[in-house]
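Asks: Residues per chain are reported as follows:
2 protein chains.
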Amino acid sequence: MNDVFLRACRREQVEYTPVWLMRQAGRYMDDYMKIRRRRSFLEMCKNPEIAAEITLQPVNRLNVDAAILFADILLPLEDMGYEVEFTKGEGPLINNPVRSGNDVERIRVLPEEEITPYVMEAIRLVRKEIAGRVPLIGFAGAPFTLASYMIEGGSSRDYLNCKKMMWGAKDLWHELMSRVSRVILNYLRAQVKAGAQAIQLFDSWVGTLNREDYREYVMPYSKLVIQGLKDLGVPIIHFANNGSTLLELVKEAGGDVIGIDWRINLDEAWARIGYDRGIQGNIDPAVLLAPRQIMEEKVKDILNRAENRPGHIFNLGHGVHKESRVEDVQALVEMVHEYSRRA
Amino acid sequence: MNDVFLRACRREQVEYTPVWLMRQAGRYMDDYMKIRRRRSFLEMCKNPEIAAEITLQPVNRLNVDAAILFADILLPLEDMGYEVEFTKGEGPLINNPVRSGNDVERIRVLPEEEITPYVMEAIRLVRKEIAGRVPLIGFAGAPFTLASYMIEGGSSRDYLNCKKMMWGAKDLWHELMSRVSRVILNYLRAQVKAGAQAIQLFDSWVGTLNREDYREYVMPYSKLVIQGLKDLGVPIIHFANNGSTLLELVKEAGGDVIGIDWRINLDEAWARIGYDRGIQGNIDPAVLLAPRQIMEEKVKDILNRAENRPGHIFNLGHGVHKESRVEDVQALVEMVHEYSRRA
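From first to last, the protein sequence lines are chains A and B.
All residue numbers for the first sequence refer to this note's numbering, where the first residue is 223 and numbers rise by one.
All residue numbers for the second sequence refer to this note's numbering, where the first residue is 223 and numbers rise by one.
Don't take every hint at face value.
Which copy is meant is left open, so a pair is good if it fits within one copy or across any two.
Straight-line distance between alpha carbons at most 16 Å, and here's what the computed EDC-like set of lysine to aspartate or glutamate pairs gives [unchecked claim]: (1) Lys452 to Glu438; (2) Lys386 to Asp252; (3) Lys310 to Asp253; (4) Lys544 to Asp380; (5) Lys445 to Glu234; (6) Lys386 to Asp550; (7) Lys310 to Glu519; (8) Lys522 to Glu434; (9) Lys386 to Glu545; (10) Lys415 to Asp253; (11) Lys415 to Asp453; (12) Lys473 to Asp325; (13) Lys268 to Glu307.
If you're looking for bench data, these hints aren't it; they were derived computationally from the structure.
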């Protein structure tokens with residue numbers, strides 16, 4: 223098996239820098255669009271054969287060093303009792319957002335064995351079909367990110383309802399976060415037991431908080447999830463999008479590898495996080511649309527900043543844009559492999 | 223005259239920390255809505271009497287230490303030959319965005335005397351009506367922010383067209399930025415000559431860039447604007463929204479006072495910028511919707527971080543949300559004055 227990714231997660235010496243890409247399966251790929259045109263997004267996620275097939279598409283096309291399960295961070299919301307709808311263009315909508323204490327009390331915390339069985343089946347299928355070529359990453363949204371969807375009823379620009387609850391109804395906030403965290407933990411434990419070989423926790427929207435608010439209202443819950451996975455022995459990647467000012471606390475919340483976006487230079491971020499953790503990132507996904515020469519300069523710059531230090535996993539600073547071309551994504555993966563190969 | 227704000231901009235000792243709020247005139251205020259209901263946003267901006275009246279509303283209601291001209295950063299685009307439309311809910315749209323070299327060549331650079339005369343008339347009216355109570359701040363969008371609207375045709379999440387031009391058509395990008403900067407400079411010089419006593423440059427969207435791209439593609443143009451204002455002798459506030467990773471370069475681009483958003487702690491930001499500059503910020507505007515006790519804690523925290531050092535101007539980290547209540551905004555201003563008053 224190509225275990226370069228897993229070894230890098232453990233900060234072992236590797237022959238070259240492993241690379242995978244957030245949203246490496248998706249609309250930029252014709253293989254994906256062939257399936258997408260005939261089915262809704264939710265149908266694709268809920269059909270284990272299709273989810274497995276899509277998970278494998280980038281492995282077959284891109285030569286990446288890890289697969290990541292095709293799924294959506296909002297899938298567990300349905301099992302919690304929330305109605306999620308994926309509208310075209312508008313992003314996800316939650317039809318019954320959290321507005322009061324009753325809404326928090328109705329959050330169901332399903333045990334590991336019962337949560338989104340179709341996701342677990344997809345994981346088992348991928349592991350079978352991937353036949354050891356590369357490891358499979360499972361994932362979930364982090365507590366703040368999931369809570370923000372549940373409270374705002376969808377994506378948000380300013381997270382005003384979220385912050386109003388956080389500051390104005392602390393007990394309710396903590397009860398909500400506690401339930402959400404337990405769901406996420408059960409969901410991720412089930413993924414590992416089904417065969418996920420590493421886990422990424424996505425805190426996509428936490429960049430709206432400053433350090434004090436993150437520390438008080440969010441960190442304990444992300445920590446709870448990460449510590450609750452420890453006994454399973456798989457590496458955890460903790461990604462806080464737009465979180466440059468939070469890095470020290472993101473590390474404190476936990477994770478073997480800290481994921482960073484492109485706004486911060488990788489060397490500075492790693493120095494602040496400390497070399498006792500791996501780092502994942504961090505090229506601007508828009509670079510996939512740049513001329514090759516620019517792409518090359520930026521790949522080299524990031525590899526230089528990582529200084530061949532063990533524990534670097536190359537990735538984008540955010541998901542692949544749908545405007546990207548497959549040949550450019552392939553070129554990026556190839557560049558990372560080529561320029562990082564140890565003599 | 224209450225010149226606490228201007229003295230703080232020059233880092234002189236002041237009796238208390240001056241405060242004004244980005245978007246302090248706006249939809250959260252009934253006085254504003256009375257006018258807004260009968261007129262389009264653009265009509266309000268283009269009518270000097272109305273723009274002056276709206277500029278003065280927060281001065282009359284909030285006890286802030288500065289007025290900021292009621293206007294929109296996109297107003298100069300019309301004089302450049304671009305058609306701007308303010309749609310309800312969707313934000314501004316530019317009907318003829320920059321797509322090619324021809325679009326760049328058609329950007330008109332009007333001289334100081336000819337650019338948006340209605341804005342200059344509004345400034346003269348405000349200065350007359352404000353009768354020296356507080357100083358008046360003029361403002362403009364920074365070159366990157368204006369260019370991003372012109373290229374994307376409106377606001378954007380990923381700035382892909384912008385980055386494609388930046389990396390893929392460098393000459394075009396530099397020609398565009400050069401023209402945009404000259405327009406901004408002329409626009410701001412005209413504002414000062416009409417009576418603006420300080421200037422804020424808003425780089426609202428520059429947080430999408432990492433440091434290397436900011437340095438190469440943006441910094442020279444922001445610098446050109448700021449240096450081109452030097453001989454007029456008014457203080458310049460340079461605000462780079464979501465720019466925590468860019469602060470050292472934002473300082474290098476210039477500004478007597480650097481504006482910061484709420485994601486970074488003020489003491490750290492100031493230490494990185496250096497105490498040879500003032501600092502403006504930086505409470506989360508969502509705090510206006512929090513209980514008073516939280517607001518109080520957060521105001522005190524920011525004042526403590528500023529350590530009574532000369533050169534702090536209190537502000538939000540971004541504009542007032544329309545969901546805010548006037549009495550809460552008044553309370554914030556009062557708290558800043560009260561807690562910062564020097565014995």
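Asks: Can you give me the call for Lys544 and Asp380, within, between, both or neither, at a CA distance of at most 16 Å?
Replies: Intra 25 Å, inter 11 Å, cutoff 16 Å: inter-copy only.
Asks: Given identical chains, is Lys386 near Glu545, meaning Cα to Cα at most 16 Å, within a copy, between copies, both, or neither?
Replies: between (36 Å within a copy, 11 Å between copies)
Asks: Using 16 Å as the alpha-carbon threshold, which applies to Lys386 and Asp550: within, between, both, or neither?
Replies: The answer is between: 14 Å across copies meets 16 Å, while 43 Å in one copy does not.
Asks: Is it within, between, both, or neither for Lys415 and Asp253, if the alpha carbons may be no more than 16 Å apart?
Replies: neither (29 Å within a copy, 60 Å between copies)
Asks: My question is about Lys268 and Glu307: at a cut-off of 16 Å on alpha-carbon distance, are they close within one copy, between copies, both, or neither?
Replies: Within one copy, since 13 Å is at most 16 Å while 42 Å is not.
Asks: Classify it for me, Lys310 with Asp253: is the Cα-Cα distance of at most 16 Å met within a copy, between copies, both or neither?
Replies: neither (20 Å within a copy, 38 Å between copies)
Asks: One pair to classify: Lys386 and Asp252, alpha carbons no more than 16 Å apart. Within, between, both, or neither?
Replies: neither (43 Å within a copy, 22 Å between copies)
Asks: Using 16 Å as the alpha carbon limit, work out where Lys522 and Glu434 are close: within a copy, between copies, both or neither.
Replies: Between copies, since 13 Å is at most 16 Å while 35 Å is not.
Asks: At most 16 Å between CA atoms: does that hold for Lys310 and Glu519 within a copy, between copies, both, or neither?
Replies: Intra 36 Å, inter 42 Å, cutoff 16 Å: neither.
Asks: At most 16 Å between CA atoms: does that hold for Lys452 and Glu438 within a copy, between copies, both, or neither?
Replies: neither (23 Å within a copy, 44 Å between copies)
Asks: For Lys473 vs Asp325, is the C-alpha pair at or below 16 Å within one copy, between two copies, both, or neither?
Replies: neither (32 Å within a copy, 47 Å between copies)
Asks: Between copies, within a copy, both or neither: which fits Lys445 and Glu234 at Cα up to 16 Å?
Replies: So Lys445 and Glu234 fail the 16 Å test inside a copy (24 Å) and across (45 Å) alike.
Consistency note: the structure conflicts with the earlier hints numbered 1, 2, 3, 5, 7, 10, 12.
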